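Enquirer: Position in the sequence shown counted from 1, then plus 3, gives you the numbering used here.
Misleading hints may appear alongside valid ones.
[Unchecked claim] In silico SDA-like links for lysine to any residue, alpha-carbon gap of 25 angstroms or less:
no., residue 1, residue 2
1, K249, P22
2, K120, N262
3, K71, N262
4, K208, S168
5, K54, R32
Think of the hints as simulated: they come from the structure by calculation, not from any bench. Predicted model, so just to flag it, every value in this text is computed and none were measured.
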Amino acid sequence: MAALEASFTIHRGYEAADPDAFVASLAGRVRGIAAGLQTPVDRALIEHLPKVEIIASFGVGYDPIDVKAAAERGIVVTNTPDVLTEEVADTGIGLLLMTVREFSASERYLREGRWVKEGPYRLTPATLRNRTVGIVGLGRIGMAIARRLEAMLVPVVYHNRNPRSDVKYRHYPDLKQMAADVDTIIVVLPGGAATRNAVDAEVLKALGPNGILINIGRGSVVDEPALIEALQKGTILATGLDVFAKEPQVPAELLALPNAVLLPHVASASLYTRDAMGQLVVDNLKSWFADGKPITPVAETPWPR
């Protein structure tokens with residue numbers, strides 16, 4: 004915010020008591036939008052701000068923005084790739100380890116005094132030593148996770164709509180088939196209609212009773228009720244989630260499950276990385292208004308057009 008204020012006149016929509024009146028008062032003036040992590044920028048808002056030229060989104064995912072409506076208007080949408088890749092990959096590996104080796108559960112065991120009263124924590128039924136990980140979405144973050152897993156001597160395969168020509172990992176065009184062939188899935192997909200409930204009951208069934216699901220992409224990618232049922236019935240072994248379908252609301256059924264490790268969407272949440280993300284938002288806006296060029300336009304609003 005300090006960097007934005009140094010270069011632009013800022014209107015804080017999140018402080019408006021009457022959002023509709025706020026938007027109406029700015030209709031003829033606003034040329035750019037800085038969109039936060041959960042800021043919806045829908046068609047109605049875009050149509051009410053006819054002078055907007057750029058929407059700079061804070062984060063890699065930009066599913067709260069109606070990019071189709073933006074593209075129709077010739078509005079450029081930018082996001083913040085790369086600067087958070089390593090942080091999110093670190094979180095993915097950390098969540099995987101917490102889930103597979105039950106580190107958070109064993110810490111609670113110690114803090115509750117049960118080590119003294121009941122003896123050592125149980126031997127964990129799961130380990131990374133005999134697992135194969137299937138990455139769903141082998142983009143920047145997926146590749147960073149794959150590099151870490153390789154260093155840990157964990158085999159990697161992946162599912163993308165299209166195979167990559169620059170990797171040696173096996174590509175699965177069919178997600179269900181990959182789930183049947185591995186025992187661990189890490190989801191790194193963005194949200195949106197194209198990926199909604201991509202991991203459904205059939206994929207979870209294929210993953211099997213030794214299966215572990217990690218999701219650091221978007222909550223909408225996983226069919227949450229199907230996941231809860233799979234955990235309750237032992238269809239899969241465990242899950243580790245940093246994202247949920249209706250954040251910040253987390254279903255009580257998930258909270259009650261001992262085989263679910265849950266984090267409050269913290270994958271990129273370090274001061275270092277969030278500062279870098281914020282700076283890229285500012286830099287996109289400054290570059291656009293100074294030179295007419297975005298730095299990191301999204302695929303739906305490419306530049307040059």
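Enquirer: All the hints need checking, so say for each whether the structure fits it.
Expert: A quick look at each hint next to the structure:
1. K249 x P22: Roughly 22 angstroms separates the two Cα atoms, so the pair holds.
2. K120 x N262: Answer holds: K120 to N262 is near 23 angstroms, not above 25 angstroms.
3. K71 x N262: Violated - the C-alpha atoms of N262 and K71 are around 39 angstroms apart, more than 25 angstroms.
4. K208 x S168: Status violated; Cα separation ~30 angstroms.
5. K54 x R32: holds (7 angstroms)
The structure fails to meet hints 3 and 4 from the earlier list, while all remaining hints are met.
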